[in-house]
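A.B. asks: Chains as they are written, first to last, in my numbering: chain R, 1455 to 1742; chain Z, 1455 to 1742; chain P, 1455 to 1742.
By construction, these hints were calculated from the structure, which means they are not laboratory data.
Built from N, CA and C at the ideal position, the CB exists for glycine as well.
Covered by chain Z, according to a simulated footprint, are these stretches of chain R (three or more residues, beta-carbon under 8 Å): (1) 1585-1594; (2) 1671-1684; (3) 1717-1726.
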Amino acid sequence: MNTQLIEKVYEEVRRKIASGEIKPDNIEMAVNEIAKCENKDKNEVIEEKKVIEEGTFMQEPGLTEFVGTAIGDTIGLVIANIDSELHAAMGIDKKFHSIGIIGARTGAGPQIMAADEAVKATNTEIVSIELPRDTKGGAGHGSLIIFGAEDVSDARRAVEVTLKELNRTFGDVYGNDAGHIELQYSARASLAIEKAFGAPVGKSFGLIVGGPAAIGVMMADTAVKTANVEIVAYSSPAKGTSYSNEVILAITGDSGAVRQAVISAREVGKKLLNALGDVPTSSTVPYI
Amino acid sequence: MNTQLIEKVYEEVRRKIASGEIKPDNIEMAVNEIAKCENKDKNEVIEEKKVIEEGTFMQEPGLTEFVGTAIGDTIGLVIANIDSELHAAMGIDKKFHSIGIIGARTGAGPQIMAADEAVKATNTEIVSIELPRDTKGGAGHGSLIIFGAEDVSDARRAVEVTLKELNRTFGDVYGNDAGHIELQYSARASLAIEKAFGAPVGKSFGLIVGGPAAIGVMMADTAVKTANVEIVAYSSPAKGTSYSNEVILAITGDSGAVRQAVISAREVGKKLLNALGDVPTSSTVPYI
Amino acid sequence: MNTQLIEKVYEEVRRKIASGEIKPDNIEMAVNEIAKCENKDKNEVIEEKKVIEEGTFMQEPGLTEFVGTAIGDTIGLVIANIDSELHAAMGIDKKFHSIGIIGARTGAGPQIMAADEAVKATNTEIVSIELPRDTKGGAGHGSLIIFGAEDVSDARRAVEVTLKELNRTFGDVYGNDAGHIELQYSARASLAIEKAFGAPVGKSFGLIVGGPAAIGVMMADTAVKTANVEIVAYSSPAKGTSYSNEVILAITGDSGAVRQAVISAREVGKKLLNALGDVPTSSTVPYI
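Looking at chain R on its own, in the form it has when it is part of the complex (with noise of 0.2 Å):
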């Protein structure tokens, strides 16, 4: 590719950009794709040429309040001192000057447990926890997480530890196009896993889940059968859930006995899943 063409490119990717036509992941695509005629590095190229400067920006909405994105269509803010006004209309304790929020299209559980781990690192609590019916056409749920904290750099903490633990709690996401399992596990629960669910903190805690509920229900008396564990909490769509078709079963006990339920509510969800549909696959890699 001779220089010429490459500028031509380049300006190609900055009216798309400009107009709004391109997307994020094409820019990126873009990027790639000028590295490798160029024979430079990636960030090489950004920097020279500012190709996804404005890409960039539209990504990164440049608001102080925006902490980042991660998969479930999920997103994380901060606000250092909320309105006075709206705290009261949100019901949030007034202690509380800055709230850390996380919001997701897909997925609940995933959200509740890396916010769990979030609330062991911070000085921040667990505001409240709200399902919506979502997953985008899915079985399940979405997710609005509120963390409450004295100082916004707890908040912020807490979002940045909530997004970064996604990837590994969407690893025993299970989905097909007929619907979705899903698996959590905790050695230790903490304050988000007792706000949402009523388990005990400090104890082992599992999450079992399966959409359509039918097959849900099978999983939970798979998981109670395999090993000596105490139900905390058994949702169905019409009880629990935000209508969901799902059947969620929480449970604690001794470690070995959550995970050991846990796993084998995993293999008989995934073998009835595939009866309706494909192969289930995970959403990022296992984890338990």
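Following the hints, complete the assembly by docking chains Z and P onto the known chain R.
C.D. replies: Quick look at chains Z and P alone, frame taken from chain R:
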């Protein structure tokens, strides 16, 4: 197509089945393709070459609890001895050791009507009917129906009957991109219809559903004006549904009147749904 | 293409229309194809051969109750004399013999704002506003709005005005694959806005919506910090919505302040939604 080529096709199909890349639909397509080339019957190809053996295995999870699948991403399961702790958490009467489970992403009416035939035909009871807000991004519900039985063979039979009936009860579900309408009719309602809609057992029953809900209002008005029927239940997005975008009218009365009301509502519903999109088509074959 | 062949095409098209196999889009395609072959104008072909006659009939239901359709899979209907039994089941005040019906798969805010203009312009009342969890797999609501009138012509007029206004009220609905934001503004709220949000009639009104909900929180905080406005209602996935993945803020106050608050929220919302996906685009043309 020569023999070598056919062998290659088989090999490729087997590899893709094993890796989970290929869907059951595609397996069938592949088999049909081969049958055409070899000038053989499809079943002959299957038997001879065992092409879809593994595909079948994947589709049937090899669990004794698995009964089968049907239209609407419906899965049928049975648990011979449900765990006693889970039993309590689910709120199931202790007398039922065995449960049959019907779960679906798409459809509540068809599954309830099919389950109604199942309870007529077997020694089972309806333990619960729950309606998630689902249909995979559509306007309606999914379903989770649990049969209780003292004997596992009864529970299994109920699930089998339900799965088999679904092909019929989806017959008057008509959909297009804009929504769906659904009609159901039973000359003699039994326990599933009573549980779901409060309709009197032993009498004629009609169900009229339209989504978006506005279409359902119009269908409901048409139905009750057409014939002398009695309204059993009227549900709308904020009352009686799981926030689905439907109006649902349940009617009872003289058998001929109910049927006539349902048929009139169907005609109006099809026309209105067509005003928003393509010509609505039956999911299977109309039965009313 | 010779005449015989063309005749065959016509015949095939007619047959497919009759059987419901062919979609209106395809009919048009077929007509265009024929027009090209015959070197004729499209309308000429339609008129001459009446190819799409039945197709057209199917699109417009030919019912006196049908008023029209609009963006968002919105349908407008009118019932001159609603059945008295249904009247009671729906819980409608007996004084309204006639009802106007607006139903949509996508959108509640736009339909409510449009209905607000309709009640201002006609002798009707708002009987009910119900919000299904819908938007066809999106993050928000659909809607079912019922106007009551003593005279059917008033009900029809209200539906007509609503359908016509929707093009405008969808103007500040911006979406991408990750979600949507919505802004609404009225210099003078009327009865639909009062019914839906409890906002004071006759005063300026602003609506700020973000989905996923986290974006709505941030938009709400921006709005109330921008100008001196009063919060009328704050809704979130678990309170005040139908489990939609939205935060919805309704504000009132001085006209300039409300407008300014809405505009600031829009800028922040667009940036944040863009952080999750493509550049959000207006559904029609922005009006605020």
